[in-house]
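Enquirer: What follows is the residue order along each chain.
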Amino acid sequence: MTPLAKLQHRFQESVLDPGKAVSTTWISASGRAAPDIQLSIYCHAYRARLREVLANDYPATQTAIGDDHFNALVTDYIDTHPSHYFNLRDFGQHLPGYLADRVQYDAGYQEMHWLVELAEFEWTLGLAFNAADVILFTEQDMAEIPFEAWPELRFIVHPSLHRLEFEWNTPEMWLALTADPPTPVSAVHNQAGSWLIWREQLVTRFRSMPGDEQQALDKVCMGGSFYQICEQLATLMNEEEVPLRAAGLLKAWIARGLIHKAYLNT
Amino acid sequence: MITNEHYKNRPYLGYGLGLRKEHYETVLTERPDVDWFEIISENYMVDGGKPLDYLTRIREHYPMVMHGVSMSIGSTEPLDFDYLKRLKALIKRVQPAWFSDHLCWTGVNGLNLHDLMPLPYTEEAIQHVADRVSQVQDYMGRQMLLENVSSYVSYSASHLCEWEFLREVAERADCLILLDINNIYVSAYNHNFDPYTYLHAIPAERVYQLHLAGHTHENNLIIDTHDHPIADPVFELYAAAIQQFGRVSTMIERDDHIPPLPELLAELDQVRHIAEHQLSDQVA
Ligand SMILES: [Fe+2]
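Chains A and B, in that order, are what the protein sequence lines are.
Under the numbering used here, the first residue of the first sequence carries the number 1, and numbering increases by one thereafter.
Under the numbering used here, the first residue of the second sequence carries the number 1, and numbering increases by one thereafter.
In isolation and in its complexed conformation, chain B is listed as follows (with noise of 0.2 Å):
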């Protein structure tokens, strides 16, 4: 049986929603009952002005964790210094629970696709991120979570799972895990694998938070295009981490196709649902 005493070191923080401008004033005048807020780091990564005004003011009244997508971990570009002072300066600024990033590359030769992509699945590329993250980690003075992202492309060189590869590049840099369960799913339909499989091979002990978002069918293949809401399947996979890692900080992911805020509030409390179900059986 899994209780919560094997991760009664985890900090907890409830459930979360992405922190989006659309919501920026019905946040501050209404304060919706959501435990804690996820940011995109880059959008704050600004001289001054409206967003980092929001920030200051919503900050007050909300925890928050620090989501990157600039990062480029995994690129065997130079690790950029002047991004990462950027970040750690947003970090003091809004004093996260904790900071992500991505478990992909975003450009070589000095460009920037804007695009997460992911790596492959070989021991070279693990020491190369764990490497990084390691590098990262002592720079920012704390651990990093890593994210797993949603692929479309399978790369021939890839001779490692997805899960392996994940939890040998977290245990060799000793960093943290954002586990994206929609990622899971989608990447398990596009690639053809069990995305139990994937969940049951996850260290517990590093899974700091989860992402949960809705994705498109185009194509033959699914897109994570966080412009839907949590599909059932999705759901399902997410009572079984709930049922794996214990009380985990959950938050849902929406980036286009915005909708009112009530109506995120309304899917956050589905998610609350399943998740405290999951536990209360395990106490049961």
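This is chain A alone, in the form it adopts within the complex (with noise of 0.2 Å):
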């Protein structure tokens, strides 16, 4: 190793774990402040960064749980997580797998699954949030569609899509933990239900499904073409409902900016 990555490696190590003694002969005790205070200076400025970050990803979350809670929470975190993206953007995705851990082993997050939910419903916001811009599927493109090229047809869905299958009535936690100020709310346990979120132009959205709802979406998701997106609604309801239900689904994906395009597999 160079002089140069030996001295980046030392630095790094010191305000990775600042608990660790090591020397800091490599700081010159000539500067206006003791070596060991020049080195905490960068040793509190990343936790302190870090901290905010997460605090801003996860508002409900800090809510929830308080900020002493979810100091200690996201210090642990950073520390066992660290970076490793140039945008600290992406710095808190694991933040939902990682409380998910916590409480399943921490007795200290026990009967705090609702947690994990709500972690991973914030985070699934801000994929929504950036996800690209694209092109939307209109009425028009719909209404051009020859009536024989209809079950072949597949869809491909607005990048910001996202679904998750809650427990807990989470999206009404976020709502009220998010409210200024924050109105008062628990976690209720057996709200099964599937989420739809997604950006609408520039919007941030969110709402439940139906069951049928989620299973047609589900056919689209995975490139199934209208017939087959029918076949499934013909186990959940009266055939001759059918094509109804089917053309009312896509006439609201599509109106609600949720289809991107459609297309033929030749």
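Hint data in this document are derived by calculation from the structure and do not stem from the laboratory.
We put the beta carbon where it would ideally sit given N, CA and C, even for glycine.
Accuracy of the hints is not assured; some may be wrong.
Derived list of chain B stretches under chain A, where covered just means 3 residues or more per stretch with a C-beta under 8 Å from a C-beta of chain A [what the hints assert, rightly or not]:
1. 41 to 47
2. 173 to 187
3. 202 to 214
4. 217 to 228
Both chains are sitting in their own frames, so use the hints and assemble them into the complex.
Expert: Pasting the structure below:
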């Protein structure tokens, strides 16, 4: 290792693990502050900056457990998941998974399964916020498709579209916790539901989906044809209801900016 | 006497501000009297959505420059060409007057400390950084600006002054300089050197942009917090910089406790007043 590389590794190690007693002879003692003070500025700034990023990414999670608990949580996260990303935006992506582990193995987090869902919801909202802008498939485009092409028609959804399964009243909690000022809310279990998160033009939105819509949208996302979507719906309703429901769902998706493109597999 | 004659090739944008999301709406609806905006490149390295939409709409009305924090030009890790590729794409989109990053390193071992870590002022570091700046400039097909950072640590290994280091890197790599006046002041205080000596050592023809910002006293050191108005001694140093360099595009960086736009515009007026006063003295 070159002297410069050695110095950078030593400095980084001291920032990442300030508890570890390492020599500070590489820091000049001639400055205004002692070497350990000089070093502590960087150790402190590193954690403060990352804590702030996580607080911005996870405001509801922070409000839900309070500042002290949140600080302890994210400090642990910062120490166990150092950033591999050039963009600070990506740093917090492992927090829901990290929380899931804590809930499973850490007595301090017992019975806080809802917190994992809440964090996952917040992170997903951020993903939708920053997803690519694409041209939308319109009702006009739909009208131009010849009747005989419909069964084999497939769709590409908007890149901001995400589907999440919740067991708790997570979106309701998020709304209450991010209100200004936050309103009281408690976690309620057995609220099983499928949720849709997407961005309509520039506005991030979410809503719950009835079971048939969720199954139909799953088919769309897996590249299923319109015929296969109808087949799926037929397992849930009378066959004569299927065409109307399928057309209705598709129209609603198009109206809310969920469909990017339709194509034929040739 | 100093005149602008020497630097007539230097593009000049006037007085600018850092573009912050808190001001997007005001900027679009009120079109404030700001000559140009500097954007933080990484904030717009996303696929789509609101920030890029605002960027596009604001760019239609204002010149821009791009300022990055993640190039890690001084790191001993290989250059991140994934990052450089995204930067190049953003440059193509924004068409900035120029782009800049910091004379620092941000991490090794595949990690990012998301901080501007200072370099030791050694011959080894000069050559290392100059080689990498050349690589970046070749890849981008244009010159870049390097900014001096605030620092709180001084290395035992340093055997040069910071200004010698900066000048030598810029000359060897043939790059340009974004001189942060507040950072000079902060580092001068923290490391006991004379900020005017620093200033006088900087080659004027390479200085394309100046940064001004506020700072905080803490622990017998000054921290470059960008959360206060510009301090008086920094204004004085700025006046000396204008005396020395002539007209240089200048802007205020504010990253925390961001005030309403009119407050920053008033501060920018103060900056403009100081600079124009220096320049009119020169003519007289
Ligand atoms: Fe700066």
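Enquirer: Within the stretch 202 to 214 of chain B, is the number of residues with a Cβ closer than 8 Å to a Cβ of chain A three or more?
Expert: Our answer is that it is violated, as 0 residues pass the Cβ test (under 8 Å) against chain A, missing three.
Enquirer: Mind checking, does the stretch 217 to 228 of chain B have 3 or more residues with a CB under 8 Å from chain A?
Expert: Since 4 is at least three, the answer is holds.
Enquirer: Counting residues of the stretch 41 to 47 of chain B that have a beta-carbon nearer than 8 Å to any beta-carbon of chain A, does the count reach 3?
Expert: holds (count 4)
Enquirer: Are 3 or more residues of the stretch 173 to 187 of chain B near chain A, judged by a Cβ distance of less than 8 Å?
Expert: violated (count 0)
The structure shown violates the earlier hints numbered 2, 3.
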